[in-house]
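2 protein chains.
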Amino acid sequence: MRSTLLVSASTLLFVSSTSAGFIFPTARNFIYIVPDGYGQSSQTMARDYVSLLRNGENPKAPVTIQLAADKLVIGTVRTQASDNLITDSAASGTAFACGVKSYNNAIGVDPSGAPVGSILEAAKLQGFKTGLVVTSTINHATPAVYAAHVADRNSYEKIAEHEIGYSHPLGPQVDLLLGGGRCYFKPMSDPTSCRKDEIDLFKYAKDKGFRVIQDRAAFDELKKGNAKVAELPYIGLFNDDQLMYEIDRSRVPAKEPSLLQMVETALTSLDRATKSSIKGYFIMIEASRIDHAGHANDPAAHLHEVIMYNDVMNYVREWIDKHSDTVMLSAADHECGGLTLNGFNPLPLKSVSMSIEEVSRLWSAYNGTDRRGYLSSTILPGYGLGDLASSEVDRVLANNKLSTDLTALLSKKAGVNWSTSGHTASDVILHGYGSGWRGQNLRADMAGNWDNTQLPGYIEGVLKVQISKVTKLLRAKGTSWVGKREAGGKDHAHSH
Amino acid sequence: MRSTLLVSASTLLFVSSTSAGFIFPTARNFIYIVPDGYGQSSQTMARDYVSLLRNGENPKAPVTIQLAADKLVIGTVRTQASDNLITDSAASGTAFACGVKSYNNAIGVDPSGAPVGSILEAAKLQGFKTGLVVTSTINHATPAVYAAHVADRNSYEKIAEHEIGYSHPLGPQVDLLLGGGRCYFKPMSDPTSCRKDEIDLFKYAKDKGFRVIQDRAAFDELKKGNAKVAELPYIGLFNDDQLMYEIDRSRVPAKEPSLLQMVETALTSLDRATKSSIKGYFIMIEASRIDHAGHANDPAAHLHEVIMYNDVMNYVREWIDKHSDTVMLSAADHECGGLTLNGFNPLPLKSVSMSIEEVSRLWSAYNGTDRRGYLSSTILPGYGLGDLASSEVDRVLANNKLSTDLTALLSKKAGVNWSTSGHTASDVILHGYGSGWRGQNLRADMAGNWDNTQLPGYIEGVLKVQISKVTKLLRAKGTSWVGKREAGGKDHAHSH
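Protein chains in written order, with numbering that gives the first Met the number 0: chain G, 0 to 495; chain Y, 0 to 495.
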C-alpha cells in the first residue's frame, strides 16, 4: 500500500479494483475517528433504539432510521496484534497511527521495542496543525500512540510527558489536546495529582505557549470562539480521570463538555489556525468510552456512547460538506464485550439514567442505614430496574455483587448478551467520507477488508506526508528512551 | 431506490454519495449469493483458522491470509422483519428476492399475504435464464422466495410445487435447480417421499422438459459438460433432506456434489444456454448450512461451511473476470448463533472431522454394548475431543445430552461463544464484485448500509427488469392461492 500510484482523477473509471494502486483524494485536512471497542452489534443496538423511540416504540412493527455512521460504511478492518489474535487498544492504536503491527501494550513502538513515527507526527513535521480529542484520559492507549513512544501502555506518566512534548525527542507534536487525565499533568505535591514525581506538565505547557484549560467554564470561553482565546496551542483536560459517560453527564450540573462539543471547538480552532497556511490539519477523535461500557457489560451506557459517536459522525460529515478539502476515516480498534442481540428489545433501556459506574459511585458513597430502601428507591429505578421483584432485590443485596448482578439483569431485560468482559477477535467496520469526487475516490479505493496497519498509509497518500521520516528522526535519538515493558502489566485486551 | 437515475458512465466522477441516483453497471448476468446465517465473526473465525494452518500454527504470532469474501466487502445490510427486530430466512429472503419488508415465515408475500414478484421471476419474464443452487432442501425458505409464493414457509410441499412450476401461476420459473429436498418431489406412494399426496413433481418436471438428476453419478455426467446432457432446464436433487455438511462429505464415498461443484456446473450451463441470446441469466446461490451449524452451535461444521462459501466467492470472482458482463452481490440474510470470539484459538478445530449432526447420527445408530468405549474411541476423537478427561466422559454419558455437551466443550476449547440457538439482530456484511468499470460503479454506488429490501432494486437496474410486472401478473390470479399462515408454525428465527 505504501507504493503509491498517483494518477489523474480522469482515469478513475477504469482502474481495476484489484489494482495495488490508489487514487488518493489529496486533501488539506484529515479527520480520523476511533470509536474504541465499537462492534457491529453496537450500531444495530443504537439504530434500533433510536428508531423505536421515534416510531411508536413497537418492536413488533419496527421502522428503521439510519444513524450517521450507517451512511458512511465502506469496508471492514482486521484487528489482531503481532502476538495475539485478540488485540488491545495499544497494539491496534499503534497499527492505526504508525502502520506497524505490534504487541499488546505497545505504544508507538514495533515488536522489537524500537519507536515508529505516527501519522500525526508525520503531519506535524510537514507543517500541519494537529489535534487529539478524546473522552478517556488523554494519555490512554488510543490517543497515546499518536504522540508517545513507550514500551508499555501502563507508563501513563511517561505518556503524558511525551504527549505534551516534555520528553518527546521532537518536542511538542500536538497543538490541541482535549479530554480527561488532568491528574497526570500535575506535580505530586498537588493533592489531586497521580504522578509519583514533581514534574509539572501544565507549567511546562504554559512555558511552551499552550493555553491550559481545566474546567468547563474555561472551555465555554474557548467554545464561544473568541479568536484570541481559541488560538493554538491549547490543552483542555476536564477530569482527573476519564470524562464521565454521556449517560451520566446530564445527571449533574455539566462539569465537562460532551465529545461533540469538544469536536466542534477543535475543528473550529484547527480550521481557523490553518486558514492562511498551505498545510491543513490532522486530528484524531476518539469516542473512548464505548469500550469501557463494553468491558463493564453495561448496555445503556454503551448505547449512549454509541449514539454520541454517531452524533459526532453526523457533525463531521456536515463539516466536510462545508470544508470539502477534508477526508475522514473511522474504524474501531477492536470489538469489546462480545455483544450480540439475541432476544433483542432495546426499549427497556429507555428508563435508564445512569451508568453502572455511577451506580457503584452512589452505592459506595451511601452511608445511610436503609441500604435496601436506597437500592429500591434510587439505584434500581435509575438503572432501569425499578420493577425488580422484591425477592430479586433481596438476592442482589445478599449476593453483594451489585455491578455484575445489575448489568446482567438489565442486559437480559433488553435481550442483549455479552460473552466477555474483554475484547474479541472480530473484524470491525470501516467508515469514510469525503465530499464530491474525494468521496467517490475514497469509496472506490477503500471498499474491502483491510488490515489495521494499512490505514495510515492511506492518510499519508491523502496528506502527502511520510511516517518513515519521523521514524528516522526518532531513532536518531536511540531507542532506550521508550522504556521497558512492565512485567505483569495490566492486560487490557482480556479484562477490564 | 426504485426511482432510477441512469446516466452515462462519464458523469460518474462527480456524482455525490448522497445522491439518490445510481449509475447501474448494466450487465447481462447477475449472480446473487446468500451465505445463510453468516455473521461477521464467522469470517474472522475462518480467516484466522486458514491463516494459522498455513503460517506455523502459532496464535501468538499470527499472520493473516485474506479469504475471497474479504476482498469483496462493500457495505453492511440491515435485516429486520416487518414484525420483529430479528428476522428469519423467509422474511429476509423475501426482502432480498422481492424488495418487500414482510413478516417472519413469509415466502414471496407482503405483510397482507398478497404475492409479490421476485427478481428471478422478473428476469425470467424478460427472457433471462434462471437458476437456484443451494445446499439445503431446495424448498427451504431462502431458495423458496425466488420462485414460490406461500403465506407460510412450513408449507414445504406447496413450495416444491411452485418452484418446479406445477402450481406456479406463471408456470416454471427456474431453469436450473440444484440442492437437496428430493423427498418433496416424489409421490407419497414412494417410501422415500415426504409428501402427503400422490403428486409426482419429478414426473411433472420431465413432462415439462426438465432433465431430472437424483444422484452423484448423474451429476458427474452433467459436470463433464457434455453439451446435450447439460442442456437446460434441469433439476438435480442429491438428498431427500438437506445436503450433508461439507465437513461430513469427505467421511463417506462422496454421494453429493459440493456447493462449489454445483456452482461450477450451473454457471457453465447458464453461460452455454445464453451464449447466443441477448439476455443472460440470474442465479441465486445459497451456502445454506452455515446457518444450520449456527443453530446447532457447532463451531467446526460452521467453519467448514464458511470456508466453502469463500471458495465459491473465489470461483465466482474468477468467473466474472473471465465473463465481465456479470455482476455479483452477496449478503447473509441474518446472523445466527450470536457467535463471538472471546478467548479465541481456532487450532483445536483442526482435528474435528465430523459435524454434531454426524455425531448424533452415529450415536443413535450405535447398537453395541460398550457405549462408553464407542464414545471414547470414535465419537470424541472425531469431534476433536479425544483428550477429554475420563471424569468428563463420565459426566457427558450420565448427562445424556450429547449434542449440547459436545458442542459446548468444543466451543470452549476453541474460545468461541454462542449466545443463542436462534438468530440475532446484527447487521450483516455486503459483498459485491464486477470487473473493471462495473466493479468501480458497484463499489461507489453500493458502499454504505442498506436495508435488505433495497438490494433487488439494484439488480433490477443492472439487468433492466421490473419486479412490479411480475407482481401484477401474480395478483391477476387473485391471492388465495398463496394459502394461509400456519397457526403455531415453527419459528425459525428464534430456535432451530
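Hints listed in this document are in silico derivations from the structure and should not be mistaken for laboratory results.
Be careful, since some hints might not be right.
For chains that are exact copies, the list does not tell them apart, and a pair is met inside one copy or across any two.
[As the list claims (entries may be wrong)] Pairs of lysine-lysine, DSS-like flavour, derived with a Cα cap of 30 Å:
id	residue 1	residue 2
1	Lys-476	Lys-278
2	Lys-476	Lys-70
3	Lys-411	Lys-400
4	Lys-411	Lys-205
5	Lys-222	Lys-202
6	Lys-59	Lys-483
Computed from a prediction, not measured in an experiment: that's the story for all the values here.
_Checking each numbered hint in turn, tell me which of them this model violates, lowest number first._
Those not satisfied are hints 2, 4.
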